[in-house]
Each structure stands twice: as structure tokens, then as C-alpha cells.
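Engineer: In the order they appear, the protein sequences are chains A and B. Read in the working numbering, the first sequence has 119 at position 119, and its numbers run on one by one without any break. For any residue, its number in the working numbering is found by taking its place in the second sequence, counting from 1, and adding 1000.
Just so you know, these hints were derived from the structure itself, not from any lab. Check before you lean on any hint, since a few could be wrong.
[Stated by the list, open to error] In silico DMTMM-like links for lysine to aspartate or glutamate, alpha-carbon gap of 20 Å or less: (1) LYS1217(B) to GLU16(A); (2) LYS198(A) to GLU1216(B); (3) LYS198(A) to GLU1212(B); (4) LYS1132(B) to GLU16(A); (5) LYS110(A) to ASP137(A); (6) LYS1132(B) to ASP12(A).
[To be verified] With the Cβ distance kept under 7 Å, some of the chain B side facing chain A (calculated, not the full set): (7) LEU1104; (8) GLY1106; (9) ASN1107; (10) GLN1113; (11) LEU1114; (12) GLY1209; (13) VAL1213.
Even glycine gets a Cβ: it sits at the ideal position worked out from N, Cα and C.
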Amino acid sequence: MKILVPVQFVPDLVEELVIDAGGDRLDPYSIRWKLNEFDEHAIEQAILLKEKYGGQVTVLAPDFEGVEDALYEAAAKGADRLVRMCADFYQGTNSHALARLFLSFVQQNKPDLVLAGVQAYSSLDGTVGCLLAGLLDWPYVGYVSCVKPGDQRVEVRKEYPGGLTAELEVQLPAVLGIQAAETPPRYVPISRVRQVMKTSKIEEFNGDLDLMGGLAPEHMFPPQVAARAAMLDGDVDQVADQLVAILREQGVL
Amino acid sequence: MAVVQSTSPMAADISEIGAEMAGDLHLRDCIQCGMCSGVCPLGFLMDYPPIRMIAALRSNTFQRVNASDTIWLCVACSACTSVCPSQIPLTRNLMTWTKEEHVLAGNIPEELQLALENSQRYGNPMGESPRKRTDWTRGIESMVPVMGRDTRQADVLWFVGDYASYHQRVQPATRTLALLLHRLGVNFAILGPEENSDGDSQRLSGERGLFEVLAEKNGRALKKYRFKEIMTTDPHTYNALKNEYPALGINYPVRHYTEFLAERLETIRPRLNRSLKARVTYHDPCYLGRVNGIYEQPRQLLQAIPGITLVEMPHNRKTSLCCGGGGGGMWLDGFQWEKAHVRLSEWRVREALSVGAEILAVACPYEASRFEDATKTVKNAEGLLVRDISELLSDAIDPLKGGEL
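From just these sequences and the hints, can you work out the full model?
Structural biologist: Now the structure itself:
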């Protein structure tokens, strides 16, 4: 089975976020980029599948600072093919643009299964995996935490809110949005990453970045302090009554 | 026939590192006296304490050792090494190599994994922003020159270290030390954001490659500037610079801050004008005392403080008990509690109480938070103060009476 993991980079929140001088986006050059956590799980899930059932894992990553480290680390974990997607992502990017870029790679390389992180906290315009499946007209299941391959299909476990899970059969080829790998992403010792760097090759894939369809923020600003909190006093019944009154007033009930 | 069947698969099972260990450990020198395992603070909980590890190596059954996860109870305190009559480098080689095998095989407790990933990505195990490494200098920036930003040379390069830079409990002690150096007229500078974790505890928790990467980064930063010597806050940094970095071509004279200050004791003494009136006991950090033989300078500093009565705990100097933070222990609290249901820091705090100490003095940035936590859970320990030696020195200086600090 050919598995493709298209990943994306998100701002590392360990650093302070800086708003661009234009005031409508983050300054991409002051951001420290990191691999989206859900994509790390997607990579892990792909490697687990390969280890258990065989197959070939390709990791496709947009060209951000740190892309080589992320790809070599994936190779050290067991990925077979590393691809850097070249485009000027620092001018801006969005889920629609990424999905279109991933689409052209998928069309050329024809994977059986695409595992994408279910979400990324920097996405404003929908999740990439879902959009990609739409463009391909392939089935999509999100919030997946377990994948088992079968004949021309996969069995997946999908998480629902409230502790519910469902087991679904999905016809291949398909796109899955990975919520969590079956086991947490493994640690690879640096010595192994260094070894892999000597023997692995990073391919390049060129694409045109087309931002159509994304959201264009008008104004970006840090959260502002407001004094709108109210404390409800009294016993349980009194608090409940007050709460109901407030919810009615707000039009929620 | 049975013998052939049982030995050949075992011989095939022994790993490469195991074979290397067997050669480099002078296994024949081991007399199986068991002192290593008796003195090990958590040896009684290990499936394979050092004596059994060596026995397993000798009998080609080391895969059994690798199948157990109790190696992660080892806090690299070097107690085993210090008592070995055959002087086998147990901590540095046997225990650390075994951890390396576990790391290579991917058998690594999750909390340790996070610390290693953080060290890799951010250059510090707690995952703090490297840009914020100098945040502790806020308000005293003018007294703490940063190499590259304020100067390119100084007499003393102060390697501040991870916990002294970032840990909330340790930052005040770091500031105190900075002020003390400033008032003493020491011409010093720090590396600031260019400083990376010294990597020693990562090495001792089995990530040799990561240690080398961090050391190389520090080596490159140090090379850019001119200074006569390095002073460290952290005994682990001291150990790395003194004993491990030279093999990587990074060679500088290095001293721990207690050595550095003890040398200036005659300048410091007249400034100590406030009596502290307290029974104080001193905890020898493993990598200052047992591993590097520095026992007296910290005590000299404490004894210079007016009003202090220095008392010794039953385990002191070479036999000091580890705080539990070494060899990755700093990042294995959950794992160790699950396995052991004891905390080494609590034993130490009980010892401090047993000698009637009111203050437990420390000289390693791992310790203040560990011992302070322990005072909250050990019975009758709530009155025990945990203070870094630099904090006690500063406590003993009263600016109103003409003292300076």
C-alpha cells in the first residue's frame, strides 16, 4: 500500500507571536515554525501501518524553515520517500492553497491512502485533509485514531464527542484525518537522524501557490482585556435560575 | 545437545553495545562483591542492579537486562562507581550505555522523551523559548553583559545553565549570584540566547547524540568570544565542560561558582554583616562532590556567614545522597514514583531534619525545587528552609549596615 502523509507547519507558540506591519497577519519571518502535532501523529500512524502490514510511506512537506529536520526525522522513523514542496509559503498560505498543491502531487503519484493530521491550529479556512478529499472526490473520515487495512478498503475507528467511537469501513483510495496514532509518536535518537541524513535524499516538488478560497483577515490583534465576567452567588437552585435567566436574555434558550 | 541449543541463540541475542560493554568494562575485574548495588539508592527496586547487570554480561544473557525498564531508576549519582573496589566506570559506561540501548530501541518513558525532544528543538529540556534565556536578568540587564550583544570579551564567561536561567524557583538565586559577581567587580559576561543546555543529563539519560549536538552548539558559541575561564552555576555543566567536552575538542578552564567565590572569600567576608543564627546543613551535589571532588569550598562559604552553625548529615561528602534529579531523574519523576513510591529528595529532607537543621543549603540548580517540594510532604519539615549558597550569602549582607548587595 502506498501511503502519503502531507504535512503542514504551524507557528510554535513557545515564542511570542508577532503581527506583521500590515496588521492583517502574523509576521512569517519572526515565527518559529514547527510540524503540526496532528501531522506527527499521521506520520506515526503511517509508519505503524508500514511496520505491521508493509507498504511505502511518503512524507510531503511545504518548504518552511525546519522542513529538512522534519523530513529526516520522519525518515529515521521509517518513512521511505521525502518530498519538499517548493513554493513561496512566506507570502501567505491557507488550507485551500495547500490542498490544491497536495492534489497535484496525489494526481501524479497515486497513493492508496492519504493520512493527514485532522486539524492544525493555524487553519482558518477548513482542514486540509477534508479539502483535499473534496478535490479528489475521494472518501474522507476525520478524527481517526486507529486504521487497519483490508482488501481495497481500510477499517478505521473514528472518535465522536462524548466518548463515542464508531468503526467504519472506507473504500480506497481515501483520505483520513488522523486525530491520534495508535501509539504516541516515537522518539528517534539524534544519532539515527544523523545516519539517515547521510543516506536519504529529499526530492523537490514544485507547485504554484494559489490562495483563492482562503479567508483574508481584515485586522489581527492580540486579545483585549474586557470586564464582562460575572460571578453567580447563592445555592444551586438560585445559581441555576440566574443562569437560565442569563441564557434567555442572550437568546440561547 | 541441550547446552548447544541454549547458548547459541543467547550469543546471537547479545547486542552490539553489549559486546562493546563487555570489552570496555573490564568485566574480569568485577569481583561480584555487590557493593555497587547495596549503595545504590534505588538498587533494591531494580530488576538488575549493577552487580546483576555484570553477571548477565558475563553469562551472555544481557537481553534480559534490556527487557527490564528499571534501568530508568538510575539517577547517575555515581554512588556505585565511587565504592567499586575494582574501579569499574559503572555510571559513565555500564548504566549510561544500557540507557543508550533502551533509547535506540525506542523504550523510553514518555516524560523523558519530552525533555529530550525539547532539548533538541529549543536547547533546553523544559521547552522554553531560547529567546527568553536571559529573561531572568530583567531589571538588572546593565549588570549582566551578554556576549555578542554588549561585549565580545570578558575575564569570566558565566555559563548560567538551563534551570538557573528558566526555573522560577532558581531564577532569584541566579539574580543574587549575578549581583554578587557585579559587586565583587568581576568582569564577566553570559552567552545569553546563544547558550544551549550543557547536555550532560541528556547524555546520562542515554542520548549521547543529543549531548554531542548540544556540546557542539555551545562549542561554536564559546569560540566566538574571548575570555579566560568559564564559571558554571550547575555542577552538571561543570562536569560536562571539565570531563566530557574536551574529548569533543572544547577545552576551557572551568570552575563551579562555589570554587570561584571561595577564592574571593577574603573580599566577600567583610561584606557579610548580618548574622543568620541558624543551624545549616549542606547537601553535596553528586556532580560537584562525589564525581569531581569539590567538598570544601561550599562549606568554607557557609562557614564564613556570621551566626551559622554548620552541621553534617549522616550521608555527606563522598557518601552524599542524590536529590533524585540526575541522569534524567529530573524528567522521570512520574515514572520513578510509579515504580518506587519513594522520593530520594524526601529521604534527604528527613536526614536534614534528623540533625536538627533549620536550613538545607544547596549548590545545584536541580535541588532547590526538589527539596522544597519534599518539605511539603515530609512530616515536620515545613519549617526547613532550602536555600542556595548564593542566596544565603546575599541574606547575610545588610545594605542598611553598609553591606553591599
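Engineer: Now, for every hint given, state plainly whether the structure supports it.
Structural biologist: Verification of the supplied hints:
This hinted pair does not check out: LYS1217(B) and GLU16(A) have alpha carbons roughly 24 Å apart, beyond 20 Å. For the suggested pair LYS198(A) and GLU1216(B), the alpha carbons sit about 19 Å apart, so the restraint of at most 20 Å is met. Taking the CA atoms of LYS198(A) and GLU1212(B), the gap is near 17 Å; set against the 20 Å cutoff, the hint holds. Straight-line distance between C-alpha atoms of LYS1132(B) and GLU16(A) comes to about 10 Å, which keeps the hinted pair within the 20 Å bound.
A hinted pair counts as satisfied when its Cα atoms are at most 20 Å apart, and LYS110(A) with ASP137(A) qualifies at roughly 13 Å. At most 20 Å may separate the alpha-carbon atoms for a hinted pair to count; LYS1132(B) and ASP12(A) meet this at roughly 14 Å. The interface hint given for LEU1104(B) is met, as the beta carbon of that residue sits about 6 Å from the closest beta carbon of chain A, less than 7 Å. A hinted interface residue such as GLY1106(B) counts as satisfied when its beta carbon comes closer than 7 Å to some beta carbon of chain A; here the least separation is about 5 Å, so the hint holds.
Because the closest C-beta pair between ASN1107(B) and chain A is about 10 Å apart, greater than 7 Å, the hint is violated. Hint status for GLN1113(B): holds, given a least beta-carbon distance of 4 Å to chain A, under 7 Å. With a least beta-carbon distance of about 9 Å to chain A, the hint placing LEU1114(B) at the interface is violated under the 7 Å criterion. A distance limit of 7 Å between C-beta atoms decides the matter here; for GLY1209(B) the minimum to chain A is near 3 Å, and the interface restraint holds.
Because the smallest distance between the Cβ of VAL1213(B) and any Cβ of chain A comes to about 6 Å, under 7 Å, the interface hint for this residue holds.
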